[in-house]
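Visitor: In case you want the letters, here they are:
4 protein chains.
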Amino acid sequence: MRLPVPVRVRWSDLDAYGHVNNAALLTLLEEARVTAFWAGGPEGSPTTAIIDAGPGATSVTVIARQEAEYLAQIPHHREPIVVDMWIGRMGGASMDVCYEVLSPDQSTVYARAQTTVVMLDASTGTPRRLSAGERAAWEPFLEEPIAFRRGGDR
Amino acid sequence: MRLPVPVRVRWSDLDAYGHVNNAALLTLLEEARVTAFWAGGPEGSPTTAIIDAGPGATSVTVIARQEAEYLAQIPHHREPIVVDMWIGRMGGASMDVCYEVLSPDQSTVYARAQTTVVMLDASTGTPRRLSAGERAAWEPFLEEPIAFRRGGDR
Amino acid sequence: MRLPVPVRVRWSDLDAYGHVNNAALLTLLEEARVTAFWAGGPEGSPTTAIIDAGPGATSVTVIARQEAEYLAQIPHHREPIVVDMWIGRMGGASMDVCYEVLSPDQSTVYARAQTTVVMLDASTGTPRRLSAGERAAWEPFLEEPIAFRRGGDR
Amino acid sequence: MRLPVPVRVRWSDLDAYGHVNNAALLTLLEEARVTAFWAGGPEGSPTTAIIDAGPGATSVTVIARQEAEYLAQIPHHREPIVVDMWIGRMGGASMDVCYEVLSPDQSTVYARAQTTVVMLDASTGTPRRLSAGERAAWEPFLEEPIAFRRGGDR
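Protein chains in written order, with the numbering used here: chain A, 1 to 154; chain B, 1001 to 1154; chain C, 2001 to 2154; chain D, 3001 to 3154.
Isolated chain A, as found in the complex (with noise of 0.2 Å):
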């Protein structure tokens, strides 16, 4: 199962190309991650947001690789564009969210990425083993990983 967050594309995310920058995009992935998956808020789902992150939270969520494929160039819209995501990979104290960026109508696949997050304790800033009650709310958004297309001409 996958979940659709909205996210707002900003004026400023546009370099002078008039596309979302590419840096900017992970800035989008990032808020599609932390409305997803951190607790505490009024919007929390709940069956997802359940990380106690954010500052003065007893976890800190440490991104240790990222990928992401840019298929078709953002312009601006007024509305939220679709980040699909879904869990490609639970392990000990990581796993690896993956996402396909879609236009608002989701005609359209303007990117699709992976990050791996790992979760850390915040006292101690060492990894610390994904909850059984964290692995339970993620389990139905198992899916396969994305096969990215590497190396050759593109």
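Don't take each hint at face value.
Counterexamples of contact, computed for chain C against chain A with all Cβ distances above 12 Å [said to hold, decoys possible]:
id : residue
1  : 2012
2  : 2125
3  : 2131
4  : 2136
5  : 2149
6  : 2150
Which chain C residues face chain B? A few, computed with CB under 7 Å, are given here [stated by the list, open to error]:
id : residue
7  : 2014
8  : 2015
9  : 2016
10 : 2018
In case anyone wonders, no lab produced these hints; they're calculated from the structure. Since we're looking at a predicted model, the values are computed, not measured. No residue lacks a Cβ here, since even glycine has one placed at the ideal position from N, Cα and C.
Take the given structure of chain A and dock chains B, C and D to it, following the hints.
Guide: Relative to chain A, chains B, C and D alone:
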């Protein structure tokens, strides 16, 4: 041969965890590319800064793929950090730019990354072949691409 | 009458002090303006979103002046904060947009700000007069401009 | 006396209008302040870079007010632009930093701005008085504050 490019970390590149944000790292890589590859300024090194890119130029450089391994958190530095760059592959209309992101004294490797850059003709928006001049300029910087660790728990 | 515009704070808007960075506040104001004033999207409120701005549009809106008073630090919020907007002055070719930036529950005033926006004709790049339609649309939102505290120790 | 601080414009500071975004200007000012005022790095000028700010420091500098006049659009530059800084007012616990933002060859004034910086004690979060050392260091940079044009059509 590698090209060490000094890049300045900004205070606003840090997020509330007190380190350079994962997306901001890609902005630092972009600044290294602009410094090394784009022609037209007084600082342009004669052997590398030969792409006529930027606003009003004949070429547009777009990013097709990007991959980054975050090895250590990057704190604020007053001095520029060093983005050590080389070319991992030269294709017909694209090339893979490789980076090691180092602390100012080059004692710490903060990140490794690779970007596939595609050259577009600015007037048509379609890919154009690397020119003989570009190939000659970048030939000395050809080295083995990065062997990324992919998959498994980290 | 004021127009309350919900605007989402991003994780990367916070700097290493753990609060929304001073420059990022202006980005939040920009998003409120884009939402309220730019035409063309399905979310456009019929009475206000009437400027044909953005890429490929007939008008360009440029900022001539900006003033902001930072009253309280803005923490990360999962829910959108509220940018309460009104027009403090309508001139020939420009207007002053006023803002109070409020917490999601509107109990805290984080900041007050004012932006002078100038309308340019996109084809000539020169100022153009506010149209009768724009004046009629914004008339209901005319209120007293902000009385900023200026000078002295704060 | 004024202190000219070179600051590099990033490609991503430009928005889709092809010029430095209005909020990004404040980030450029912030970088000038960090370079000029924060102590601790090898580049610190002995007379000015004396505030122990940044992560883990004894002081926190917060922005209470900011005002900017945008006089000309800032294009991308390969060379650093120049932020000419001086002190417009030294109060008990705060000071007004003034800026003229100039093109690399200093022939064009892009913007004028003023920031009220308040010194906080990092441990208590409350304002602290400017020290005698700070006053002595900044005294030579005291000049008339900026006379902003306010109100009327521009």
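Visitor: Which hint numbers doesn't this structure obey?
Guide: The structure conflicts with hint 1 only, although it agrees with all the remaining ones.
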